[in-house]
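Chemist: As a plain string of letters, each chain reads:
Number of protein chains: 2
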Amino acid sequence: MTAPPPCHTRVAQQPASPGSVGVTRTEYIDLPEPLALECGRSLHPIRIAYETYGTLSPRRDNVILVCHALSGDAHAAGYSSEPDAPSARDGFGAEDQGIAPRGGLGWWDGMIGPGKAFDTDRYFVVCTNVIGGCRGSTGPASINPATQRPYGSSFPVVTVNDMVRAQQLALHQLGIERLLAVTGGSLGGMQALEWTIAFPERVASCISIASTARLGSQGLAWNAIARNAITADPNWQGGDYYGSGRAPQAGIAVARQLGHVTYLSAEAMRQKFDRRLQERSSYSYTLDAADFAVESYLRYQGRQFAARFDANTYLHLSRALTYFDLAHSYGGSLERAFANTRARYLLITFSSDWLYPPSDSQEIEAALRANNKPVEHHTLQTSYGHDSFLLEEARQTPLIVEFLERVYAEVQARAEWSDQ
Amino acid sequence: MTAPPPCHTRVAQQPASPGSVGVTRTEYIDLPEPLALECGRSLHPIRIAYETYGTLSPRRDNVILVCHALSGDAHAAGYSSEPDAPSARDGFGAEDQGIAPRGGLGWWDGMIGPGKAFDTDRYFVVCTNVIGGCRGSTGPASINPATQRPYGSSFPVVTVNDMVRAQQLALHQLGIERLLAVTGGSLGGMQALEWTIAFPERVASCISIASTARLGSQGLAWNAIARNAITADPNWQGGDYYGSGRAPQAGIAVARQLGHVTYLSAEAMRQKFDRRLQERSSYSYTLDAADFAVESYLRYQGRQFAARFDANTYLHLSRALTYFDLAHSYGGSLERAFANTRARYLLITFSSDWLYPPSDSQEIEAALRANNKPVEHHTLQTSYGHDSFLLEEARQTPLIVEFLERVYAEVQARAEWSDQ
Numbered sequence: 001m002t003a004p005p006p007c008h009t010r011v012a013q014q015p016a017s018p019g020s021v022g023v024t025r026t027e028y029i030d031l032p033e034p035l036a037l038e039c040g041r042s043l044h045p046i047r048i049a050y051e052t053y054g055t056l057s058p059r060r061d062n063v064i065l066v067c068h069a070l071s072g073d074a075h076a077a078g079y080s081s082e083p084d085a086p087s088a089r090d091g092f093g094a095e096d097q098g099i100a101p102r103g104g105l106g107w108w109d110g111m112i113g114p115g116k117a118f119d120t121d122r123y124f125v126v127c128t129n130v131i132g133g134c135r136g137s138t139g140p141a142s143i144n145p146a147t148q149r150p151y152g153s154s155f156p157v158v159t160v161n162d163m164v165r166a167q168q169l170a171l172h173q174l175g176i177e178r179l180l181a182v183t184g185g186s187l188g189g190m191q192a193l194e195w196t197i198a199f200p201e202r203v204a205s206c207i208s209i210a211s212t213a214r215l216g217s218q219g220l221a222w223n224a225i226a227r228n229a230i231t232a233d234p235n236w237q238g239g240d241y242y243g244s245g246r247a248p249q250a251g252i253a254v255a256r257q258l259g260h261v262t263y264l265s266a267e268a269m270r271q272k273f274d275r276r277l278q279e280r281s282s283y284s285y286t287l288d289a290a291d292f293a294v295e296s297y298l299r300y301q302g303r304q305f306a307a308r309f310d311a312n313t314y315l316h317l318s319r320a321l322t323y324f325d326l327a328h329s330y331g332g333s334l335e336r337a338f339a340n341t342r343a344r345y346l347l348i349t350f351s352s353d354w355l356y357p358p359s360d361s362q363e364i365e366a367a368l369r370a371n372n373k374p375v376e377h378h379t380l381q382t383s384y385g386h387d388s389f390l391l392e393e394a395r396q397t398p399l400i401v402e403f404l405e406r407v408y409a410e411v412q413a414r415a416e417w418s419d420q
Numbered sequence: 001m002t003a004p005p006p007c008h009t010r011v012a013q014q015p016a017s018p019g020s021v022g023v024t025r026t027e028y029i030d031l032p033e034p035l036a037l038e039c040g041r042s043l044h045p046i047r048i049a050y051e052t053y054g055t056l057s058p059r060r061d062n063v064i065l066v067c068h069a070l071s072g073d074a075h076a077a078g079y080s081s082e083p084d085a086p087s088a089r090d091g092f093g094a095e096d097q098g099i100a101p102r103g104g105l106g107w108w109d110g111m112i113g114p115g116k117a118f119d120t121d122r123y124f125v126v127c128t129n130v131i132g133g134c135r136g137s138t139g140p141a142s143i144n145p146a147t148q149r150p151y152g153s154s155f156p157v158v159t160v161n162d163m164v165r166a167q168q169l170a171l172h173q174l175g176i177e178r179l180l181a182v183t184g185g186s187l188g189g190m191q192a193l194e195w196t197i198a199f200p201e202r203v204a205s206c207i208s209i210a211s212t213a214r215l216g217s218q219g220l221a222w223n224a225i226a227r228n229a230i231t232a233d234p235n236w237q238g239g240d241y242y243g244s245g246r247a248p249q250a251g252i253a254v255a256r257q258l259g260h261v262t263y264l265s266a267e268a269m270r271q272k273f274d275r276r277l278q279e280r281s282s283y284s285y286t287l288d289a290a291d292f293a294v295e296s297y298l299r300y301q302g303r304q305f306a307a308r309f310d311a312n313t314y315l316h317l318s319r320a321l322t323y324f325d326l327a328h329s330y331g332g333s334l335e336r337a338f339a340n341t342r343a344r345y346l347l348i349t350f351s352s353d354w355l356y357p358p359s360d361s362q363e364i365e366a367a368l369r370a371n372n373k374p375v376e377h378h379t380l381q382t383s384y385g386h387d388s389f390l391l392e393e394a395r396q397t398p399l400i401v402e403f404l405e406r407v408y409a410e411v412q413a414r415a416e417w418s419d420q
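Protein chains in written order, with my numbering: chain A, 1 to 420; chain B, 1 to 420.
Fair warning: there could be bad hints in the mix.
Because identical chains cannot be distinguished in the list, a pair is counted as satisfied if it fits within a single copy or across any two copies.
[Unchecked claim] 25 Å max Cα-Cα, derived SDA-like pairs, lysine to any residue:
| id | residue 1 | residue 2 |
| --- | --- | --- |
| 1 | LYS272 | PRO358 |
| 2 | LYS272 | SER282 |
| 3 | LYS272 | TRP354 |
| 4 | LYS272 | ASP288 |
Since the hints were made in silico from the structure, they are not lab data.
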């Protein structure tokens with residue numbers, strides 16, 4: 001086993017506010033070997049960007065892996081040490097919660113920190129940027145060693161299984177072989193579920209939030225349209241736009257606007273915008289002015305996202321989302337997929353989430369119960385839609401705190417966890 | 001009053017199949033005067049494309065005006081006399097009903113014809129292409145008399161009220177002053193509602209289907225994103241693409257795909273596509289292949305629509321949809337808006353229509369009841385979503401037949417209707 005680096009001593013960590021992990025810094029791991037991908041190609045070199053919060057216990061039994069969603073990154077909590085860093089929390093309606101998206105606040109800061117759901121006084125939280133990403137991990141904007149130029153169109157298609165296997169290798173480099181819990185919302189929840197099947201012996205529990213075992217037709221459709229908006233932009237240039245001075249900013253803005261509306265509920269939008277006009281008292285009678293507040297808001301979201309997020313990464317992660325299908329990958333049925341898992345599951349869903357509806361997690365619950373696996377599923381009554389996983393922190397917290405306490409007590413009683 | 005042309009003698013009408021109005025031909029009316037638009041500008045000349053089905057009664061009391069939705073046109077029933085005419089029925093899932101979209105079948109053919117909901121053995125049905133349209137009526141591709149070039153970006157923004165006033169002037173040219181009924185779905189339903197308020201003395205009844213008195217925030221958002229997809233396409237050229245050899249085909253295809261998904265329900269999509277792969281047995285592991293049947297279908301829909309529909313018209317009609325707000329236009333409340341109407345109302349909505357949900361028509365119903373106006377509202381349990389208004393013909397038919405019979409009996413008893 002590789003000698004573990006001193007990853008349990010956090011750098012640059014100072015309290016910024018009560019319950020905050022303080023200022024955090026993204027670090028990097030280079031994987032020593034190529035990774036064989038599901039598509040048949042292999043990827044090398046692979047760098048993984050990660051952050052950690054809290055302290056690794058001497059038994060290394062308190063690790064929680066946090067997996068991010070489509071637009072996220074490794075910076076899940078605290079304030080970035082790079083003061084101008086864009087925040088993946090932008091556009092998640094954080095402003096509704098009175099949280100200014102200033103100074104690169106982590107995208108799940110409300111959930112990770114001292115006394116929070118993922119309590120950094122007790123647990124050692126790790127978050128990595130997925131492969132294919134654009135925030136430090138190897139992705140389409142990285143240098144292709146074969147050409148010494150950015151991959152662009154030559155970056156291989158990666159799957160959720162590939163992402164998870166890369167995470168496992170990165171954790172191994174950090175000396176971490178077992179996870180107390182793996183968690184995430186949306187695409188992050190897919191990764192959490194995949195972990196429990198790909199590495200059953202390494203995962204004590206899974207907290208999958210607002211996620212699914214596979215997108216349905218409508219979810220496939222939204223993703224296809226968002227990708228089409230990017231690839232229809234001539235500045236995409238077939239994916240080889242790096243260094244050209246042109247990027248598909250307009251296309252990714254449309255993709256983001258579309259995604260954004262699917263993350264909200266009609267009711268949440270009505271409460272926030274209704275048909276309010278934006279800084280005007282009457283219609284402009286033009287085609288392209290943003291007369292309505294909701295039109296102005298969407299333009300802002302599109303611009304902000306285009307400025308911080310790489311279009312090729314969007315395409316890759318969207319493709320990974322659509323390919324994810326546990327039944328398809330593991331034996332043809334969801335029941336078979338979960339047959340060999342050893343984790344305890346907590347599923348959290350939201351009544352107003354029509355993109356990843358509670359019924360999707362009910363199917364997961366049923367497949368687990370059919371295998372006599374321990375699972376609990378809580379559907380919270382909310383109005384924020386899919387974004388509830390990022391916004392309804394206070395209501396998720398007690399469920400997660402209680403679940404993790406129980407799992408941690410079980411793990412501490414297990415002999416095999418004392419000898420990694 | 002202008003002498004009526006012999007519009008009650010139908011040309012080129014021959015039965016093509018039982019219940020069909022046969023082969024139909026689009027005809028044209030030129031309005032004699034400029035139309036003052038809500039935006040403050042005026043439009044002249046105005047040509048209105050229209051079709052008629054059935055025979056005008058001697059008392060001219062059997063006229064039903066059919067208003068089309070965003071992607072429709074004047075060709076509502078029968079087979080077009082132009083054999084290669086594109087069908088506005090394309091993309092409405094007509095293939096699900098075993099109806100081939102061949103030879104330009106009218107977009108509401110299942111509803112209009114001998115023995116159908118709008119029974120051409122009894123009623124004289126008129127359908128006009130709205131102003132701003134691209135299928136024969138004056139729109140952004142028409143010649144601007146001031147420049148002798150296509151309007152493009154200089155075409156004025158038109159509203160639902162403008163469309164309705166242009167229809168009224170066209171009907172006047174045809175010698176028609178009163179409508180037994182005005183009907184339509186979606187944007188067509190908006191026009192039907194607007195008619196009853198703008199011209200209360202001219203309308204005996206209104207059949208508004210899958211419509212609303214105003215779009216909510218989410219509806220505004222979908223429309224804004226679709227418009228953004230078009231205006232983000234460099235080939236749009238600010239709206240002045242006519243004659244340039246380039247048109248925003250890619251942008252309007254994305255807009256159409258987005259619209260299309262909002263017209264369906266998640267359940268209808270699941271039934272039709274699920275996660276079925278398109279002519280392949282495994283993933284392509286590419287970003288841009290249409291691996292899934294739903295992806296392939298959306299591309300087809302986008303291509304078909306881009307080939308038959310003008311992008312500027314899409315922008316204008318989408319804008320008209322978003323500006324439509326009866327309460328805003330008429331006195332500040334829906335109750336006040338309907339205060340002076342004299343029509344009998346039939347509202348039809350569909351349980352699976354999340355774009356124009358039944359609750360929107362419940363608000364209309366409540367406002368009418370508060371004014372002691374005659375209204376009935378039927379919500380049909382369907383799975384097709386918003387497209388139900390085009391697909392669930394058999395279930396709408398008895399409601400409409402019974403309603404029209406009652407209204408026609410009332411009208412025939414009214415003295416003022418015998419003396420137009």
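Chemist: For each hint, tell me whether it holds in the structure or not.
Modeler: Results for each hint:
With identical chains, the CA atoms of LYS272 and PRO358 are at most 25 Å apart both within one copy (24 Å) and between copies (22 Å). When the C-alpha separation of LYS272 and SER282 is checked against a cutoff of 25 Å, the pair qualifies only within one copy, where the shortest distance is 19 Å, while the shortest distance between copies is 43 Å. With identical chains, the CA atoms of LYS272 and TRP354 are at most 25 Å apart both within one copy (18 Å) and between copies (19 Å). When the C-alpha separation of LYS272 and ASP288 is checked against a cutoff of 25 Å, the pair qualifies only within one copy, where the shortest distance is 22 Å, while the shortest distance between copies is 36 Å.
Of the numbered hints given earlier, the model fails none.
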